[in-house]
Amino acid sequence: MDIRVRNIVKDYGRTAALEGVSLDIASGELVALLGPSGSGKTTLLRIIAGLDVPTSGQVFFGEEDASHTPVQDRNVGFVFQSYALFKHMTVLENIGFGLSVRDGKTRPSAGEIRRRSMELLDLVQLSGLEKRYPGQLSGGQRQRVALARALAVEPRVLLLDEPFGALDAKVRKDLRRWLREIHERTGHTTVFVTHDQDEALELADRVAVLNHGKIEQIGTPDTIYDRPETPFVFRFIGESHAVPVMVHDGKVWLAGQPILMAAGGLSEGPAALHLRPHDVEFAAHAGDALPARILSVRRSGPTRRAEIRLSDVEAVFEIDAPAALTVKPGEERPVRILRGRVFPV
Amino acid sequence: MRSVVPGFGVALGLTLALLTAIVLLPLAALVLRASELGFAGVAKLAMEPRIFAALKTSFGLSLAAAVVNGVFGVITAWVLVRYRFPGRRLLDAAVDLPFALPTAVAGIALAALYAPNGWVGSLFAPYDIKIAYTPVGIFIALVFVGLPFVVRTVQPVLAEAEHEIEEAAATLGAGRIRTILRVLLPPLTPAILTGVAMSFARGVGEYGSVIFIAGNIPYVSEIAPLLIVVKLEEYDYAGATAIALTMLTASFLILLGLNALGSWSRRRYGVVR
Chain A
1 MDIRVRNIVK DYGRTAALEG VSLDIASGEL VALLGPSGSG KTTLLRIIAG
51 LDVPTSGQVF FGEEDASHTP VQDRNVGFVF QSYALFKHMT VLENIGFGLS
101 VRDGKTRPSA GEIRRRSMEL LDLVQLSGLE KRYPGQLSGG QRQRVALARA
151 LAVEPRVLLL DEPFGALDAK VRKDLRRWLR EIHERTGHTT VFVTHDQDEA
201 LELADRVAVL NHGKIEQIGT PDTIYDRPET PFVFRFIGES HAVPVMVHDG
251 KVWLAGQPIL MAAGGLSEGP AALHLRPHDV EFAAHAGDAL PARILSVRRS
301 GPTRRAEIRL SDVEAVFEID APAALTVKPG EERPVRILRG RVFPV
Chain B
1 MRSVVPGFGV ALGLTLALLT AIVLLPLAAL VLRASELGFA GVAKLAMEPR
51 IFAALKTSFG LSLAAAVVNG VFGVITAWVL VRYRFPGRRL LDAAVDLPFA
101 LPTAVAGIAL AALYAPNGWV GSLFAPYDIK IAYTPVGIFI ALVFVGLPFV
151 VRTVQPVLAE AEHEIEEAAA TLGAGRIRTI LRVLLPPLTP AILTGVAMSF
201 ARGVGEYGSV IFIAGNIPYV SEIAPLLIVV KLEEYDYAGA TAIALTMLTA
251 SFLILLGLNA LGSWSRRRYG VVR
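Residue numbers (the numbering used here), protein chains in the order written: chain A, 1 to 345; chain B, 1 to 273.
Bound-form chain A, shown alone:
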């Protein structure tokens, strides 16, 4: 089932949580809503589910305008951040709940509900735990029960709010891969909310980056990472630093020197050069490089992360250098900028 969201506006009193958001999600797609807290991502998810009512705007499920369909009738699978399991029911009863509350004719028989619940329990790899209560499960197991419960109603769309938010790092990684597998096997259109960029980039087919109630950019993980369209996306995805530059004569000037790419499309005057740690390298000789002083060095996995200050401008940023290269704090070392993005300020 494809989902279209049209010009959703949501006001909470005076503050706007969403300011006209539109989003198309193809059938079977796995989309991440990524943004800092307060960006409106959870509100958007809840509006798609029907748990919140937008101030204006529409939500379409396929051709059907679901804007005024109550949540009970939308047939969505929603996984809450806190899982919201029914603590007084066993795992099996939790999973079968959605089927057991159906009205008369559409309700499967008790045996059928049990059979389907067991199947889902198997899908989420929790066979053997059907008689347990949620309180007797670990966080990761609860998460799986919540997902199985949401899948049991054969939802038109699966919505997950910070699905791995409450889990520790190791479990998160395992569940991430596992959720991807489940998605590939069941083929549900899936939307999940996260503030974790790694999670979004690794898991999703497309990522929508939200900020202050607006979608800044939507695209594949590659597009989002390699071609960020706004300074916010650049800053939010991956590590980055901004350095003040000047645009003049079709060139970008840093500390009085023209650097790298042509400043196509940029207006004359001050701008900001956004850099990632691997966009800059230490130069062997001064030549066309920029003089810089090393402030501190620390080991970061396979590379050495150096914090440097450009000598001619008040700019501090970080560089990834090969671990083999020994640099010491206080040393003067020229650096060369390999790439970067210039945004107007």
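Honestly, I wouldn't trust all of these hints.
[To be verified] Label-pair distances were calculated between CB atoms; the ranges are: (1) Ser82/A x Arg176/B: 17 to 25 angstroms; (2) Val4/B x Ser37/A: 32 to 40 angstroms; (3) Val9/A x Pro156/B: 36 to 44 angstroms; (4) Asp2/A x Pro156/B: 22 to 30 angstroms; (5) Arg267/B x Ser82/A: 19 to 27 angstroms; (6) Gly175/B x Ser82/A: 19 to 27 angstroms; (7) Leu181/B x Val9/A: 31 to 39 angstroms; (8) Pro270/A x Arg176/B: 58 to 66 angstroms; (9) Ala166/A x Ala29/B: 56 to 64 angstroms; (10) Arg267/B x Glu229/A: 54 to 62 angstroms.
Calculated from the structure, these hints are not laboratory results.
Ideal Cβ placement from N, Cα and C applies to all residues, glycine included.
Let chain A serve as the given structure and place chain B on it in line with the hints.
Below, chain B without anything else, positioned relative to chain A:
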């Protein structure tokens, strides 16, 4: 095993000493006194029509009031926990009034309200319905004194319940009624049962607020605690003791039953861990 917080021995000793001096000793005296009558003697007195009628009135109406409180107490707790409205704190405080008010004051106020010439009583008088000076009046007084018990036991449990479980039930297609019956109420059952048990216990022992509104007509609206006083005033100590012992036994058994039901539902519906 050594505990971080020592003092089990001292604490248990103190508890037992206090419990013995304040609770067990008077009860033991009562039993001792009644033993002079013998089991058959107590049973014979308890089955005496006037006493039996009073016991029936006391236990029957207390149970009915406790059940009604179970329903309205939960609704009251729900309103106090879930909704924000002007005057909520005031209402919250007012729930405790039946605890704090001298029972005689409550009784006189209720009697004045429900008497045939009172504000409420006068509304029913034209239809020949009497509230005060009948068992209905007793029932109302018992509902009044018992309500806070249910509200105060259910309120904290309800406050801790996640709001999201209702939303989860809704996304799974459950309507309002099903959500209440299958998702919200079961975890509250132990607390509700505890509240009802306490409300019942209070009702059985209630004296002050009842006697003013009851009319105290033998065989009709006479409660057992009042009958004890009557017997004492007649110097019929054996009769008074017999009623007291019967009440003690019955109360103990009923409370034991309610608590067993409570702990069963705690195991069934309670939160593990």
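What hint numbers does the structure not satisfy?
4
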